[in-house]
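**Student:** Heads up: the sequence lines are chains G and S, in that order.
Take this note's numbering: the final residue in the first sequence is number 280, and no numbers are missing along the way.
Take this note's numbering: the final residue in the second sequence is number 1050, and no numbers are missing along the way.
Hints listed in this document are in silico derivations from the structure and should not be mistaken for laboratory results.
All values derive from a computational prediction rather than experimental measurement.
Glycine residues also receive a C-beta, built at the ideal position from the N, C-alpha and C atoms.
Be a bit skeptical, because a hint or two may be false.
To give an idea of the chain G side of the interface with chain S (calculated C-beta under 7 Å), a few residues [said to hold, decoys possible]:
(1) Ser-158
(2) Ser-162
(3) Lys-166
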Amino acid sequence: MSSMILNGDTSGAITVTVPAVAGTNTATLPAATGTVMVSGNMPAFSAYANTNQSIGASTFTKLQINSTATTGFDTNSNYSISNYRFTPTVAGYYQINGAVGYTANPGTYGIATIYKNNSEFLRGTQGSNTNCIVSGIIYFNGSTDYVELWAYASNASTASGVSYLTYFNGSMIRAA
Amino acid sequence: MTLYEKIKSLYPSLENKDFTSVIILQNDSDGKGDYIAKWEHPTLPRPTDEELA
C-alpha cells in the first residue's frame, strides 16, 4: 500500500493512502475552492421515539425523540436524547426529515414541523392524517444552530412511540 | 382546563385554522406547560393573564 503524508503547518498530518488492489483508479478534485468531505466530517443521525407522548389539542409540542439506539445512529454525537435536538458541529447544508405517527386521527390538522433555533422553520404535512411528515434542506452554522421536531394536532392526540412511525433523521449533504 | 380550552371559552368563534397560523400555542416538553408563542389575530386581542388564570 502506498501513502502520501501531508504535514500541517504547525502540527498534525493527513495521510493519503492507496490500497493495494490491482487496477488503476482516478480520483479527480474539482476546480473549485472548498472543504473535502469524508465520512468523518459529515455528521448523520437517526433517532426515534420509544414511548408514546401526549399532544395537547391545538398546541405545537416538541416531540420527545429520545433514542438513537437499536435502529438509530448518531455518527458525530450531535443529537441529544435529553433535549431532543440535533446540533451539528460541522457547518453546512443538511437534509433533515421527520415524521410523527398519531395513534388515532388528529382531527382537522395534523402537522409535523421542524423548528430551527426554537422557531418554526419548515412545516410539512398539514391535514387530517395519522402519519405526518416534513423534509427539507437546512443550513447550520456548525456551532449554535439546532433543529427539533415538533407536532401539532387539532384534537388532543398521542404521538406513537413506535420507531418507524415517529422519527427524526438527517445527514450533511454539502459543506458550508 | 388547558390553555387552548381557556382561549376557546373566551373566544368561541376561533376556528381550528386560527391555531395553525395567527395564534400559536406551544409546549416545549420541559414540564413548564403550554404558553402563547404568537398572537397575531386581526380582530381579537390577546387574552390577559387574569383572563387565562
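**Student:** Hint by hint, note whether the structure agrees.
**Tutor:** Going through the hints against the structure:
1. For the restraint placing Ser-158 (chain G) at the interface with chain S, the shortest Cβ-Cβ distance is roughly 10 Å, beyond the 7 Å limit, so the hint is violated.
2. Interface hint at Ser-162 (chain G): satisfied, since its Cβ lies 4 Å from the closest Cβ of chain S, which is below the 7 Å cut-off.
3. For Lys-166 (chain G), the shortest C-beta to C-beta distance to chain S is roughly 4 Å, which falls under 7 Å, so the interface hint holds.
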